[in-house]
Amino acid sequence: MRELRNSLSNRYLITMIIILAALGLTLVSIGSSTTGAVKVDRLTVQVASLSSLSIFLVPLIALFISYDSVVGEKEQGRLILELSFPVTRFEWLLGKFLGHWIAVIIAIIIGYMIAIIPIITSSELEAKSILSFARLIFSSILLGGVFIGIGYVVSVLVKQRSNAAGIAIGLWLVFVMLFDLALLGLLVSDAGKGLSASQVNGLLMANPIDIFRLMSLSSEQVNQFSAMQAIGEVSTLSFGLLTLSMLAWLIVPLFLSFILFKRVKL
Amino acid sequence: MIGHNGAGKTTLIKLLLGMMRPSSGTVELCQFNPIGKHEKHIKKQIGFVPESINFQPNHTGLELMQYVAKLKSVSAEDIQIKMELTNIAFAQDKKIGTYSKGMKQRLGLAQAMLGDPRVLILDEPASGLDPDSRQILYQSLQEHARAGNTVLFSSHALNDIESYIDHIILLNKGSVLMDCSIAKYRQSLKLPVVIEIETSDAEASAKREFFDQLKQFGELNYKESIAHLTVEYSHKLAALAFISGTQCVRDLRLLDASLEDIYHELLKKEGSS
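Chains as they are written, first to last, in the numbering used here: chain A, 1 to 266; chain B, 1 to 273.
Chain B extracted, bound-state conformation (with noise of 0.2 Å):
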């Protein structure tokens, strides 16, 4: 789920757990309201972690994971594994108020995982993680999601999740933009793809003619032996027939649009409409 700040992330985050009533329009989480006399029910089936982690910091990791526990009728053992899991439970036996912001996300992350919930709500959870515990976070998710769960999170960080989800949400002022898989999304919205091309030793004259044919492709940008042609989408798989078709090139990349270029074409479209 991702959007600007003030699009309406954390605010239906809130809603999914029942923190505030919808102005119109119902909620419905695990077939139920999360409000009213399901809440516990629905509450044992999710795991939250919320943006900025403050747990009492005068009580160690363990403490906090036991209450949890407890709360959520999980067994001791669980506690252990998910503490192992997300690599926290060497400090299991420190005051909170000592850990570090990575520490905290990852017990966060912790007793979010608790009773293997069928839906992980995060919100921003990688926001002050460094790239290293992002991977793992992100890991650790996609983890989860296959073994059938749902995860829901937010985030600013676009191409860091890029590789790691399959279903994307993207809010603007409190509307849903787009909501749909990743590769339709990309293909329904047909952005320029740039191909980049690494040139071989050919001729001077060669290499010239052939830029020069480039061009009836789309635009294109060069630089001794690399070369960077943006073409249409239409015209993608012309342009990769033509160019792998010639004497010229050594070696080709595709850098298909990013999250981030879909992200500013959305809500440039969404600006002229």
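Looking at chain A on its own, in the form it has when it is part of the complex (with noise of 0.2 Å):
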């Protein structure tokens, strides 16, 4: 609660919510241009696009609001006091990943709202449209969870803060970036001829980013605008274990920096 109340006064969730709705909004503009007469909910094309939004902004949000929660406090003499409360370091990390998930979710469910309000009030909606949409929030959510815990592992190990924020751009740069080119550029090359489908998902799996693409992307109609489509048909994993192993990606950092949080010494 108290993490919460204090993103809120700290109007970090404000604008959190402005930059994912005002970029959501350019881009729905944008897509809607692009779509001309093609006979397609406009709110499907709307989903792809806004995937790729989530995939930059959620974690580098996340990872903006966590990089500096355990260092900064403790470079700020804040930590000790804290921690002399009658609170466990469990109880204090975990409260502070309560609140900071919250404002992530509240953000991103803000900002995407307003972001498909054009498209709600012009048009006709699928069913599937919604469904898609409704998949792009809850992954999205769970992304911002992830790099939110990764942030937590950082924010742990390193002992400046200055130190934090260069590994946690580090890590977003790898994650979004570097992953990817580093795998189509094995699966073009001569190499990745010889993997099976099945070694491409896990290889799929190592990044959460990619696990959130296949998450939003996979219905099939939004399959189709994004750049996911080759990889999404050699790709035959279910919903169900996406959600898995974006769980499994959400805990074990999480679990990881309670651990190390314990041995910290102040």
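The reader is advised that the hints may include incorrect statements.
What the hints assert, rightly or not - Straight-line Cα separation of at most 30 Å, DSSO-like style, residue types lysine-lysine; simulated pairs:
1) Lys159/A / Lys104/B
2) Lys190/B / Lys269/B
3) Lys190/B / Lys268/B
4) Lys265/A / Lys72/B
5) Lys236/B / Lys269/B
6) Lys94/B / Lys104/B
7) Lys37/B / Lys70/B
8) Lys265/A / Lys173/B
9) Lys104/B / Lys72/B
10) Lys268/B / Lys215/B
11) Lys95/B / Lys44/B
12) Lys101/B / Lys70/B
13) Lys40/B / Lys262/A
14) Lys40/B / Lys265/A
15) Lys159/A / Lys37/B
16) Lys173/B / Lys262/A
17) Lys72/B / Lys262/A
18) Lys101/B / Lys265/A
19) Lys94/B / Lys72/B
20) Lys265/A / Lys159/A
21) Lys159/A / Lys173/B
22) Lys265/A / Lys70/B
23) Lys44/B / Lys262/A
24) Lys190/B / Lys223/B
25) Lys101/B / Lys159/A
26) Lys40/B / Lys159/A
27) Lys268/B / Lys173/B
28) Lys265/A / Lys44/B
29) Lys37/B / Lys262/A
30) Lys70/B / Lys40/B
31) Lys104/B / Lys70/B
32) Lys104/B / Lys262/A
33) Lys104/B / Lys265/A
34) Lys265/A / Lys37/B
35) Lys236/B / Lys268/B
36) Lys190/B / Lys236/B
37) Lys70/B / Lys262/A
38) Lys44/B / Lys104/B
For the record, the hints were derived by calculation from the structure and aren't laboratory data.
Taking the hints as your guide, dock the two standalone chains into a single complex.
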């Protein structure tokens, strides 16, 4: 609760909502010009654009609010005070996580709702496209949680706040850009020819961003508008399995940060 | 608890709070180890004020108090009582970011006193405070201690705290140099005592004779009508008896060894041995 209130009064949350809504709206307006006369539900197209937005922004926002949560408080000398209150370290970090996550969830829901207002008001909606929008929101929320957890691991391990910021940006680059570039390179090169579908799936599971891509773009209509089409066909992973692996990505870093935090010397 | 910078005061406090594990030995606070299953039980019985107080600047004083009160399961009335006690209630609805150093310190004390903890731990509570605030601080600490609680705090301002404390721990390079009551320590250390003598308007010859006699007790410095006689502890009573028996004295004051003197003396001993 405290962390959520903190985010509110810090205006982080409002900024997050504005960024997501503004970029979402921009995409919506650009997106509608390209669809032209094609007989496709406009919301479906938008889900594809918004999911690309999520890929870049959600991890960035999540890392941004989480990277200094331990090391920053430590640097300001606040951690020792907060931990002198009757809370265990586990409870303290868990409370922080819930607060941060809820803030991200609120930002995603409100931001994307605002982004699709023009579509809802101007065209008929199909049940299928509403489902894919719901999937987008659901997987964005999970993605946010995953990167908050990753941010905590960084925050617990690092000694200085500035280092934490650098590592967080580095991780963002690796997960969002470099990993996929490398994967694509591998698939295109000769070495990739021998890869079986399950091996490709395994590689995709190694990056929460790719799981997110598969989750939010898994419906076939959305798939045809995204660059993931080829991989989507190869990949035969079900939505449930994807959700499970996303949850694993959520829990493992979080668990790791709890264990590491227990050992931190103040 | 006094000691140089780096003597181990803050480390000791962190050990007590369970923020660090001891590399050897055990820590016990209210009969339990502060790390482990009794952690919360113990934390409810302690109040802590860190050296540099940095509360969330975007919260108000009252919000912070409510947060701590909830964690310590303390009633809302106690918030008001403690805020009045530390004289910070007037700023309870202002953001902590706008507080002055003294106000933050008082808020720090207020949150630590919530629920009347059995043990109050403060890390250099007086640093950066003006003399008035310091006095108020020490008085409230003294009151808390008189109510049957333990107050442990570290300090550099030795002369300031001398009249408020009844037990002293001196740390140097991570080890305890001394750990006992102040009176007992002064006695065991037997530091020289300075007697300040104000002479009466006696004749110059009588005065000179008096001063000459005084020199047998110890070192004498005088300027016009004020004289300072430094006597060994063992000669203190004899010197006093002599002085009070003469006609040449209008007034006298005993300048006991201050904490500062004890401190320097001890470190000197430590250095030579």
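Please list, smallest to largest, the hint numbers that this structure does not respect. none
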